[in-house]
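Asks: For reference, the chains in residue letters:
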Amino acid sequence: MNLIKFEDFSFKYSGQAQDFVLKDIDLEIDQGKFILLSGITGSGKTSLVRAMNGLIPQFYHGEMIGNVFVKGKNTREVPTSLLSKEVGLVFQNPENQLLAMNVEREIAFGPENLGIEWNEIDSRIKECLKVVNIEHLKKKAPFELSGGEQQRVAIASVLSLQPELIILDEPTSLLDPLGAIRILLLLKDLLQEKKVSTIIVIEHRLDLVLPLSDEIILIDKGRIIEQGKTHEVINGDIFLNIGLNIPKCVSVFQTLKNDKLYQGKLPLSVQESIEIIKMS
Amino acid sequence: MTSIPQIVVNDLQYHYPDGTIALKGVSLNIYRGEIVGIMGKNGAGKSTLIKTFNGLLKPTFGTVYVENNNISDTFTSYLSKKVGIVFQNPELQLFANTVEDEIKFSLKNLNLSKEAIDEKISETLKIFDLEKYRNRSPFNLSGGEKKRLAIASIMCRDPEIIVFDEPTIGQDASGITFIKQIIKENATSGKTVVIVTHDIEFTIDVIPRIILMADGLVVADGPTHKILSHDTILEMTSLTSPQLVKFSKSLTELGEKVPEDIFLVKQMVQYLSEFFKNESRKRKGGKP
Numbered sequence: 001m002n003l004i005k006f007e008d009f010s011f012k013y014s015g016q017a018q019d020f021v022l023k024d025i026d027l028e029i030d031q032g033k034f035i036l037l038s039g040i041t042g043s044g045k046t047s048l049v050r051a052m053n054g055l056i057p058q059f060y061h062g063e064m065i066g067n068v069f070v071k072g073k074n075t076r077e078v079p080t081s082l083l084s085k086e087v088g089l090v091f092q093n094p095e096n097q098l099l100a101m102n103v104e105r106e107i108a109f110g111p112e113n114l115g116i117e118w119n120e121i122d123s124r125i126k127e128c129l130k131v132v133n134i135e136h137l138k139k140k141a142p143f144e145l146s147g148g149e150q151q152r153v154a155i156a157s158v159l160s161l162q163p164e165l166i167i168l169d170e171p172t173s174l175l176d177p178l179g180a181i182r183i184l185l186l187l188k189d190l191l192q193e194k195k196v197s198t199i200i201v202i203e204h205r206l207d208l209v210l211p212l213s214d215e216i217i218l219i220d221k222g223r224i225i226e227q228g229k230t231h232e233v234i235n236g237d238i239f240l241n242i243g244l245n246i247p248k249c250v251s252v253f254q255t256l257k258n259d260k261l262y263q264g265k266l267p268l269s270v271q272e273s274i275e276i277i278k279m280s
Numbered sequence: 001m002t003s004i005p006q007i008v009v010n011d012l013q014y015h016y017p018d019g020t021i022a023l024k025g026v027s028l029n030i031y032r033g034e035i036v037g038i039m040g041k042n043g044a045g046k047s048t049l050i051k052t053f054n055g056l057l058k059p060t061f062g063t064v065y066v067e068n069n070n071i072s073d074t075f076t077s078y079l080s081k082k083v084g085i086v087f088q089n090p091e092l093q094l095f096a097n098t099v100e101d102e103i104k105f106s107l108k109n110l111n112l113s114k115e116a117i118d119e120k121i122s123e124t125l126k127i128f129d130l131e132k133y134r135n136r137s138p139f140n141l142s143g144g145e146k147k148r149l150a151i152a153s154i155m156c157r158d159p160e161i162i163v164f165d166e167p168t169i170g171q172d173a174s175g176i177t178f179i180k181q182i183i184k185e186n187a188t189s190g191k192t193v194v195i196v197t198h199d200i201e202f203t204i205d206v207i208p209r210i211i212l213m214a215d216g217l218v219v220a221d222g223p224t225h226k227i228l229s230h231d232t233i234l235e236m237t238s239l240t241s242p243q244l245v246k247f248s249k250s251l252t253e254l255g256e257k258v259p260e261d262i263f264l265v266k267q268m269v270q271y272l273s274e275f276f277k278n279e280s281r282k283r284k285g286g287k288p
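For the protein sequence lines, the chains are A and B, in the order given. The opening residue of the first sequence carries number 1 in my numbering; numbering runs sequentially from there. The opening residue of the second sequence carries number 1 in my numbering; numbering runs sequentially from there.
A couple of the hints might just be wrong.
As the list claims (entries may be wrong) - Okay, the calculated beta carbon distance ranges per label pair:
| # | chain 1 | residue 1 | chain 2 | residue 2 | range |
| --- | --- | --- | --- | --- | --- |
| 1 | B | PRO223 | A | LEU240 | 45 to 53 Å |
| 2 | A | GLU164 | B | PHE105 | 42 to 50 Å |
| 3 | A | GLU112 | B | PRO223 | 34 to 42 Å |
| 4 | A | LEU240 | B | ASN278 | 21 to 29 Å |
| 5 | A | LYS188 | B | HIS15 | 38 to 46 Å |
| 6 | A | ASP19 | B | PHE105 | 24 to 32 Å |
| 7 | A | TYR60 | B | PRO17 | 54 to 62 Å |
| 8 | A | ARG76 | B | SER77 | 28 to 36 Å |
| 9 | B | ASN109 | A | GLN18 | 30 to 38 Å |
Stated by the list, open to error - Cross-link-like lysine-lysine pairs, in silico, DSS-like; alpha carbons within 25 Å at most:
| # | chain 1 | residue 1 | chain 2 | residue 2 |
| --- | --- | --- | --- | --- |
| 10 | A | LYS260 | B | LYS257 |
| 11 | B | LYS108 | A | LYS265 |
| 12 | A | LYS260 | B | LYS277 |
| 13 | B | LYS108 | A | LYS257 |
| 14 | B | LYS108 | B | LYS82 |
| 15 | A | LYS265 | B | LYS282 |
| 16 | A | LYS265 | B | LYS82 |
For the record, the hints were derived by calculation from the structure and aren't laboratory data. The structure displayed is predicted, hence computed values, not measured ones. Heads up, the beta-carbon is just placed ideally off N, CA and C, and yes, glycines get one too.
Okay, chain A solo, but in the shape it has when bound (with noise of 0.2 Å):
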């Protein structure tokens, strides 16, 4: 069974004088795999990850055509407080998230409000602190911590209801390079010690992000017009030609291909475009 599935799905904001923001997705997001999801300002990308988690339709109400599944269940029917045990969603400023008033009480707060046993939360509590590393800060104020720290208590707050999906909408935009590099490396953790099983990034520095993808899914105008594991997509047509921040090797490598002075695979990485000139 997909993870995600959308089934000839569409949605349009009430209220709203605009058109379907999301148009005629077919999407199926599997397990184990770190995908990053990549489109203009304004493509959708934010509405389709709403649409993950049932807050469309259930918190943010309009026009829905079709089906989302998570797990088998129905986003329609399935209230937002199951779905959230099966994905998590970390928003791009974790100012917005965080409301208690130290760190131990924020991770509590989901499974508390879930109904979990006291010794299964304190048990989940000292794990998340451990796999987000800030068992330090338990007794901290979230307001009194950097930037870099609160993205990863919001983070932990996230896999403290165990979620299969972890779902985060810029998340690194306010952290300075090395931070961001940082809480990136520690998304790829949780997946590869299968903390959890699957993550969904969306983020415009691409460069960072690209290294680390398995899969991408390009959304542009509120549709999906590309998905696929990660070299297949950029060595494609359609990834250099919606707007997106192309990496600089990327670029470098691109012209001289135009420039019928190179052949072979884009880079991802410095690394392998320093694999490209050792073969050369």
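Please build the complex by placing chain B on the supplied structure of chain A, with the hints as guidance.
Replies: Quick look at chain B alone, frame taken from chain A:
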């Protein structure tokens, strides 16, 4: 660029009321017509520093002069005509009912006639490609459009110094291209542009000089490509090298003779074009 600095910061300290010391003795000069980047870790004091430029924050110790005005005894209302700050999150800056009103509000208090205001509004909406949204609520714009409006509402006041706080966050390629263009045009017309950013690739493309901050102090100040290839400094300030600087270094380690200052796409393309042509000649048995 003239040799008399437009902004002079001398041994500036700023202590927040809760006791946090955000700036611990910062000294720097910024010259007219310069594009200067301020970079550093989260919490290094970058945002605090730029808020002193238009007097939003006044020094606890030390001085800040903007065009010979000591900001400690100059009204913020006066400074804000000289220094415009475009904040990181446009949602916190925009509040009017329509795009037109947003610009109109900005033009208040400048002692302009009604006709001059109307003319300035039309001109600004045209430059920023917002004419079609004149009567729309700013909150119904896309992220990129909101950013454009936030920049427009500052630029319409014609400040001599423009400060951008993280202008590229959440922007796609066309948004970033637009911001690069605005920055270059302003600097060319003699305005000074100060940019706080974490975006290394953007920085290497448009900002010739950067000031690096760590823990409330300036730790480096100089040409961008030199600073962004200095590993120790980068580590200290939680930054990373731009992709092509890393690539050049790795090529050098492989024994390739790469010129030291390659950091732009076109430079790397030029270098590798030669490289691939040579390789192909070698394969054909010709002389390299």
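Asks: Now tell me if each hint is right for this structure.
Replies: The hints, checked one at a time:
For PRO223(B) paired with LEU240(A), a C-beta distance near 31 Å fails the hint of 45 to 53 Å. Here the CB-CB span from GLU164(A) to PHE105(B) is close to 48 Å, well matched to the stated 42 to 50 Å. At about 54 Å, the beta-carbon gap between GLU112(A) and PRO223(B) misses the expected band of 34 to 42 Å. Look at LEU240(A) against ASN278(B): about 27 Å separates their beta carbons, and that is inside 21 to 29 Å.
The beta-carbon spacing between LYS188(A) and HIS15(B), approximately 40 Å, falls within the hinted interval of 38 to 46 Å. As the Cβ distance of ASP19(A) to PHE105(B) is approximately 31 Å, the hint placing it in 24 to 32 Å holds. For TYR60(A) and PRO17(B), the hinted distance range of 54 to 62 Å is not satisfied, since their beta carbons lie about 39 Å from each other. A hinted range of 28 to 36 Å is violated for the C-beta pair ARG76(A) and SER77(B), which are about 54 Å apart.
For the pair ASN109(B) and GLN18(A), the supplied restraint of 30 to 38 Å holds, since their beta-carbon distance comes to about 35 Å. A hinted pair counts as satisfied when its Cα atoms are at most 25 Å apart, and LYS260(A) with LYS257(B) qualifies at roughly 23 Å. The hinted pair formed by LYS108(B) and LYS265(A) fails the criterion: a straight-line CA distance of about 56 Å is larger than 25 Å. For the hint linking LYS260(A) to LYS277(B), the alpha-carbon distance of about 10 Å falls within 25 Å, and the restraint holds.
Simply put, LYS108(B) and LYS257(A) have alpha-carbon atoms about 53 Å apart, too far for the 25 Å limit, and the pair is violated. A hinted pair counts as satisfied when its Cα atoms are at most 25 Å apart, and LYS108(B) with LYS82(B) qualifies at roughly 15 Å. With a C-alpha separation of about 22 Å, the suggested pair LYS265(A) and LYS282(B) falls inside the 25 Å cut-off, and the hint holds. Proposed proximity of LYS265(A) and LYS82(B) is contradicted: the alpha carbons are some 51 Å apart, above 25 Å.
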